[in-house]
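> Spelled out, the chains give:
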Amino acid sequence: MANKKTDFNFIKKTVEDVTKIRRTRLYIPGNNPAMIRNSPLFGADQIIFDLEDGVAVNQKDAARILVRNALKELDFGDTEVTVRINSVDTEFFEKDINEIIPAKPYAIVFPKAEDEKQLLDVCNQMGVVEEENNIPIGSIKVTPIIESAWGILRAENIAIACDRLVGISPGGEDLTADLGAIRTLEGEELLYIRSKLVLAARAAGIQVFDTVYTNIRDTEGLYNQTKRIVRMGFDGKACIHPCQIEPIHRAFMPSEREIERAERIVEAYTMAQKEGVGVICVDNRMIDVPVVKQSERILKRAEAAKKR
Amino acid sequence: MEYVENIIGRKIPKEVNGRKLRPFRGIGMEPIPDRKTATKIRRRLPGEKKLLKSIEEAIIKSGLKDGMTISFHHHFRGGDKLMNMIFKQIAEMGIKNLTLAPSSIHPVHAPLVKYIEEGIITNIQCGVTGPVGDAISRGKLKGLLIVRSHGGRARAVEDGDCRIDVCFIGAPTADEFGNLNGVEGKQACGPLGYMVPDAQYADMVIAVTNNLVPFPCSNISINQNHVDYVVHIKNPIGDPAGIVSGTTRITRDPIRIKIARNCVKVIEASGLLKKGFSFQSGAGGISLAVTQFLGERMREKEIQGSFGMGGSTSALVQLLEEGLFKRILDVQAFDREAIRSLKDNSSHIEIGASQYANIHSSGAAVNVLDTVVLGATEVDIDFNVNVVTESDGRILHGIGGHQDTSEGAKLSIIAIPLLRGRNPVIVDRVTTVTTPGMNINVIVTDYGIALNPKSPYYRRLKRKKTIQYKTIKELRDIAYKLVGGPPDPIPFKDRIVAIIEHRDGTVLDVVRQAKDK
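In order, the protein sequences belong to chains A and U. Counting with numbering that gives the first Met the number 0, you get residues 0 to 307 for the letters of the first sequence. Counting with numbering that gives the first Met the number 0, you get residues 0 to 516 for the letters of the second sequence.
Treat the hints loosely; a few may be bogus.
Residues from chain A shown here face chain U by an in silico Cβ test under 8 Å; the list is partial [claimed, not checked]: (1) 41; (2) 223; (3) 239; (4) 241; (5) 242; (6) 299; (7) 301.
Hints in this document: simulated from the structure, not taken from any laboratory. Ideal Cβ positions, reconstructed from N, Cα and C, are used throughout, including at glycine.
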């Protein structure tokens, strides 16, 4: 897939872009100044300022301006800041892109991703705004949310649509409705979709984030669901209330045993690299590069758990 | 006016309204007086009755006259009806120029403003919240407000700095011979701890109840030998809805929860959270959350603490009932559950204000506290705390046990959000010093944790990698940046309206009359 802007000076994504710890992605309504100001304090790995579903139609302009100014003025420390803009089919999309890109969020969360062409168009449009504002093209990343059956079927193409993409995620509520399924605690209706997105993301070398858990009072239910999606291979989960951060982080916390094994694997791999040994074994098992990568991910999560 | 600078750099006049002030010289530096005060000797012969039928009769019998000092407790908090009721009677009887020295004044006492304006109340000695504080800030009180901590008040009453002529005790339950308790009756409020020094040291003690029980009343908090008369009235002396605090629910505010969790992290890192641990916390949202999260950690680590102290709350009672604490020391109770538990559970120990926090005693309970988590209106870069004056300079809060517990406890933590609305909480210099910074060990805010470099726990806490610290100046800078710079200085008039005493009776600071903008 040719990207018009890749021809020259396109800032490619780095290893950091696709391996950073993003266990929690906290939605903050774009029209709530107090929440925006406090957003870096909650301890989420990533914040998503929402201009889409979380903002009423008559508040869209106010939210856009507020988020733009917050991005320019506030210090978010080491919390990654992204913005969920309105979808392409709305009148707000262009205004969102034009106002938000110059304020340089880490990424744009792009809702209702349907296919690779649509996404490429969006990425190109972002490039135009970047260029106009003297921002290196490709600086601002994209994480699409796939919210329809059609989109899910195109997930593997969406995941490689543009070099800006660092992660994908399903939109649980809309997807369930589109499927005609019923949302359950166990999540069996989304099992295939989740599995498919993990597969598509890993094939594309990007991250994959799970959808929100809507019952904010049920922190144990959230913990259990997060445990399940961690086992499936997800890198993080969206959340809609700060009280959801702690249970998600807890679910992402590797066990002592996992940490200890991961340390041995990474150590053995590093030694082997130094000594030029091709094959390494830990606990009598041969270790390949994906296992090393997985171990590195575990150690990163353990490190993150100490901080937040 | 001649001034002298106290040890924390505040200019204290040598004399205000004929009252000589001693500047604060540091903890334990002020020489102690020789003897406590003594009350009048009274006599009750066999057969003499103590029961009276009306407030008017009680005031006449008490011998109350112009210029005297009277006291009340604040165990009914926002539900108190007694103080207003008594003052209505006093006003009708034409008594003037009184010094009012209750354990606290609340917004429910707004009607007193009228009596202040009429010169019926000319001096006040206590912590003040609400309209009375506002009136004092605006210069309506003829004399002075002396603000003391709970322990400081007990000391002043016992030392004779604040001699009580007549003490009116609202008693949820009393017998006709003057045995009182606060755990029974419709107006149950828990302990009567703040009135213990008054009962023992006032010249005249009058109990007012609407729940008279046959002698002897069970559960005795204040004994018959201290009580001169018992007034049995029909009208309620308190409103149960206002007696229990509204802040009994654990906060859901994620910022406050984060602060509370960080407090627990600090307590754990200090090494104090081990077998025999003791703890005090209040009834605010953060405090309750700290109590709950501490409980979680004690459960996980299978630690049994020795005692929790309160202001007891349902959160603390739960830890007692689970066996996480062996005892609760109660000087007051904030909610129904705490009152019920005090009545039914023998693991509670009801203590008086002096036993709780009086520095001039043979050892107050605060001295054996491991840790306390407190609030603040402002903290400055020298860790001085203000809990009394608001951002506009008006007097809107009392000190409570802040000074006492922070001085007594091994580790005192201030848990506060960095901003209140658009006001920075950490500032260069607090408007009024109400707790000296030398007693504060840690400040926990939503934007970071700062350690007092002079704290004995500084090095131990600093070593812990699990907590990232900021300096107090960094926190101040963040606060100033968020609100667009340091706040403008508050305009005050010259007149001194209030004196902030340290718990030893010396002066930490003075408050001047607020200037209307």
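> Would you mind marking each hint as holding or not holding in the structure?
So, going through the hints one by one against the coordinates:
| no. | hint | verdict |
| --- | --- | --- |
| 1 | 41 | holds (5 Å) |
| 2 | 223 | violated (19 Å) |
| 3 | 239 | violated (12 Å) |
| 4 | 241 | holds (3 Å) |
| 5 | 242 | holds (6 Å) |
| 6 | 299 | violated (17 Å) |
| 7 | 301 | violated (13 Å) |
In terms of the numbered hints stated before, the structure departs from hints 2, 3, 6 and 7, listed from lowest to highest.
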